[in-house]
Every structure is written in structure tokens, then in C-alpha cells.
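Undergrad: Sequence:
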Amino acid sequence: MPQVINHHTALIYVMVTISAVDRRITDAEFAHIGALVQQLPVFGDFDPERLVHTAEECGEILSTEGGLEAMLGLVAEALPEKLHETAYALAVEVAAADLSLEQEELRFLQMLRDRLDLDKLSVAAIERSARARYMKL
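So for the sequence shown, the numbering used here puts the first residue at 2; every next one is plus one.
If you're looking for bench data, these hints aren't it; they were derived computationally from the structure. None of these values were measured; they are calculated from a predicted model. Careful: at least some of the hints might be erroneous.
As the list claims (entries may be wrong) - Think about it this way: if two alpha-carbon atoms lie no more than 25 Å apart in a straight line, the pair counts; the simulated SDA-like pairs of lysine to any residue are:
#1 K83 - K137
#2 K121 - L138
#3 K83 - L37
#4 K137 - D120
#5 K83 - P49
#6 K137 - E103
#7 K137 - L107
#8 K83 - R129
#9 K121 - E66
#10 K83 - G45
#11 K83 - D48
#12 K137 - T27
Based on the sequences and whatever the hints tell you, model everything.
TA: This is the structure:
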């Protein structure tokens with residue numbers, strides 16, 4: 002298990018974990034993660050060819066005893082405070098993409114916002130923004 006990760010890896014770990022908390026990552030979820038990595042400025046200097054390896058690395062951590070806590074610790078250490086909201090927004094984005102939130106996803110989001118010490122107003126704004134983007138008639 003890596004002892005130190007960079008901010009790119011931390012953000013990918015967050016997205017992979019929210020996809021994996023229900024014990025499965027669909028091709029559509031992974032494609033969505035790939036699209037976010039390709040499009041967002043925060044990943045501007047990340048090599049997209051490393052995405053699969055980084056996702057597999059995250060899966061290895063999650064499969065160990067205490068893996069979720071370990072992953073959250075790595076993420077919290079790696080991210081500067083200015084990227085805490087970004088990490089939460091990416092988790093919400095990936096979770097919301099399939100238009101349903103499972104209990105495991107809600108629990109992970111709670112753990113993430115607690116670990117990153119996000120304020121309630123920011124959390125509410127991020128969540129409302131995602132609901133607005135994925136609203137259907």
C-alpha cells in the first residue's frame with residue numbers, strides 16, 4: 002500500500018471508492034470517471050493512461066482489512082485544503098451519475114465530508130448542484 006500519494010491519485014481514489022462501495026464498478030461509472038479526468042482542469046497534468054493502474058491500486062487498498070479508513074487517511078493527507086470541496090464534488094458527481102444513491106454511497110459521502118472537515122453549507126451547495134445537473138422531467 003502506498004504511504005504517500007499525490008492530489009491526482011487522491012481524487013481518483015475518491016471517485017473509484019464511491020463507485021466501488023456497492024461492491025461493483027460498472028463500465029459506465031468507470032467511463033464517467035475517465036471523462037472527468039479528461040475534462041477537468043485539476044487533472045490537467047495527469048496522464049490518463051495511468052487511470053486504470055490508479056483505480057486498481059485503490060481497489061487493492063479497499064480490499065484490505067481497514068482499507069476504507071486507510072484510503073480516507075491517504076486522501077486527507079494528500080489533498081491541500083483548497084481541494085477538499087473538489088474531492089467531495091467529484092464523489093457526488095460520480096454517485097449522482099446513475100440517478101440513484103445507495104445507502105453505502107451515502108455513508109461514504111458522510112465519511113468523506115467528515116474526514117475532509119467540510120462545512121454544511123458547502124456540502125449542501127455541492128449536493129444541490131449535482132441534483133440540478135441530473136434533474137429529469
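Undergrad: Each hint needs a verdict: does it hold in this structure or not?
TA: Evaluated hints:
1. K83 - K137: The given pair, whose Cα atoms are some 32 Å apart, is violated under the 25 Å limit.
2. K121 - L138: 28 Å, violated
3. K83 - L37: At roughly 19 Å apart (the allowed maximum being 25 Å), L37 and K83 satisfy the hint.
4. K137 - D120: 28 Å, violated
5. K83 - P49: Roughly 23 Å separates the two Cα atoms, so the pair holds.
6. K137 - E103: Judged against 25 Å, a Cα distance of about 19 Å means the pair holds.
7. K137 - L107: 21 Å, holds
8. K83 - R129: 20 Å, holds
9. K121 - E66: 30 Å, violated
10. K83 - G45: Distance of about 16 Å is within 25 Å: holds.
11. K83 - D48: Measuring from Cα to Cα gives roughly 22 Å; hence the hint holds.
12. K137 - T27: Given that 25 Å is the threshold and the Cα spacing comes to 22 Å, the pair holds.
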